[in-house]
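Chemist: Protein chains in written order, with this note's numbering: chain A, 1 to 209; chain B, 1001 to 1197.
Honestly, the hints are just simulated from the structure, not real lab data.
Worth double-checking, as some hints may not be accurate.
Simulated restraints on C-beta separations [stated by the list, open to error]:
id, chain 1, residue 1, chain 2, residue 2, range
1, B, G1132, A, L80, 17 to 25 Å
2, A, N42, B, L1105, 46 to 54 Å
3, A, S120, B, T1083, 29 to 37 Å
Some, not all, of what chain B presents toward chain A, calculated at C-beta under 7 Å [what the hints assert, rightly or not]:
id, residue
4, L1033
5, T1148
6, A1151
7, G1175
The following residues of chain A were derived to be distant from chain B, with all beta-carbon distances above 10 Å [stated by the list, open to error]:
id, residue
8, G54
9, F71
10, M72
11, G74
12, G134
13, I137
All residues carry an ideal CB built from backbone N, CA and C; glycine is no exception.
One letter stands for each residue in the lines below.
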Amino acid sequence: MKRWLIAAVPALVACTVPDAPSHLGGYPFAHVSGGIFHWPANRLPVRFWADPRGNMNALVQNAIDVWQDQFMYGEFTGVLVSDSAHADVQFTWSDSVPPAVAADPGPPVKACGGNTQPDSTDANGQIWGAFHSGITILLVGATPGQVEACVRRTVIHEMGHGLGILNDNAPDSTDIMYFTPLVPVPSAADRTTIQTLYHTTPNWLPPVR
Amino acid sequence: MFRTILLACFFTSPAAAQVSFSVFAGVRRSSVLVHDQIVTAFDVRPAVAPAFSVTAGMPLDLPWRATAAFDVSTSDVRREDATGGTQSITHLTTAALTLGLSRSLKPWLTGSLRVGALKYLPSQNLGLFQDGGPFFPFAQVAFDFAPTFAAEHGLGLQINADAHKFITDALRVEGFSESRPVLRLAAGVSWTPGSHP
C-alpha cells in the first residue's frame, strides 16, 4: 500500500505541472511617444465600419477573423457595423476603388498603401474619435489580382495598428506589421506581439464612445 | 425497420419493466482547463455551471446495476487573471455519455462508477476553441445518498466527480505539448420516479 502511495503521489504531481509555452519573440508595440494602447475588455467587440464601395466589407471581415485567430483567451473580438458614427475603427478607400477579383497568389507587389490614425490624442493619453484607416491604390502597373492581394494584407496590417501596434517596428519582412506588409497573414512574432500587448497595462485610454 | 423491431422487442421484454430512470439537477465546478502566462499568469476555467443528467439503470446479479447516463452542463468559460479580473471567452456546453455499474453500499448509499466520452461544445469557434470542441474519454464516480424520509419520495442527494485530460488543437499550435488533467465536481438532487413505495 505504502509503495503504491509513493508511486502515485509523484505521478499525480507530474500530471498537474503546467506546461505553458514561452510566448517569446515579439517586437516593440508602443507608439514612438511611449504610448501603449489596446482595446479593453469592456469595449469588446471592437466595432469596425467598412467603406461600402468595392469589397472593403469582405476585406475588413477577413482582417477581423485573422486577428481574432491570433488570440487564445478572449482578448479581442471584432464586429462589422453598418453605421460609421458608431464605429471604433473606420476603413475607407482613400481615392480609387479597385475591382473585387481573386487575389494573385504570386510574389507580393507593392500596389497599395495604408495609413491609420485616431482623430487626436491629448497629453493625458486620451484618444479622441475613431481610428481612421485609409487604403490607397498606387499606380504601379500591377494586375487587379496583385492589387487585391496587396489591399488584403494591407487591411490586416492597418487593423493591427487599430488594435494597438502603434508603430512600424516589426523587424522582419515575414511579419504582417513590417512597414511594407509582404505576407498574407500574421507571423509568429506578430502573434506573440499582439498577445503580449493585450496582457500589458496600457497608458493610453480608449476613445470615449 | 431494424431499429423499430429492436425497440419493440426491448419495450415488450421483461427487462424493459425493470429499467428505471433517474434525473439529476445540480451545480458543477471544474478545475482549471489551461494555465498560461503572458506577461502575468492566468487560468482558464468554466464558471460554476448548472448540471443535469438522465440515467437509465437495469438490474444485474445482486447487488449490481448497469447504468447508462447522459450528462450536460453549460456556462461561460472564462480567463481568470492573477489580479482577480475575469474575462469571458465564450459560452461552453459539455455533454457526456457514460456506461457504468452501480451498487448499493449501505441501505441509504449507492455508489456508481462510469466511463464514457465527454464532448466540449463551445458556442463560437473562438480562441482556444477556434478549431471546434474536442472529445475526451473520461471516468466518473458518483454517490447517491437517500435517507429514508427522502427515499420515500424517490429523492436523493448526489455527488459526482469526474476526470479527463484536456487540450485543444489551437492550444497545441500555441505551444502546449501535453494535455492537462481536469477534475469536475457536481452536487445536486436526484429523483427516481416510481421508486418510492
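Chemist: A separate judgement is required for each hint: does it hold in the structure or not?
Modeler: Hint check:
no.: 1; hint: B:G1132 with A:L80: 17 to 25 Å; verdict: 23 Å, holds
no.: 2; hint: A:N42 with B:L1105: 46 to 54 Å; verdict: 50 Å, holds
no.: 3; hint: A:S120 with B:T1083: 29 to 37 Å; verdict: 31 Å, holds
no.: 4; hint: L1033; verdict: 11 Å, violated
no.: 5; hint: T1148; verdict: 36 Å, violated
no.: 6; hint: A1151; verdict: 35 Å, violated
no.: 7; hint: G1175; verdict: 3 Å, holds
no.: 8; hint: G54; verdict: 28 Å, holds
no.: 9; hint: F71; verdict: 6 Å, violated
no.: 10; hint: M72; verdict: 5 Å, violated
no.: 11; hint: G74; verdict: 4 Å, violated
no.: 12; hint: G134; verdict: 29 Å, holds
no.: 13; hint: I137; verdict: 32 Å, holds
Hints 4, 5, 6, 9, 10 and 11 from the list above are not met by this structure, while the remaining hints are.
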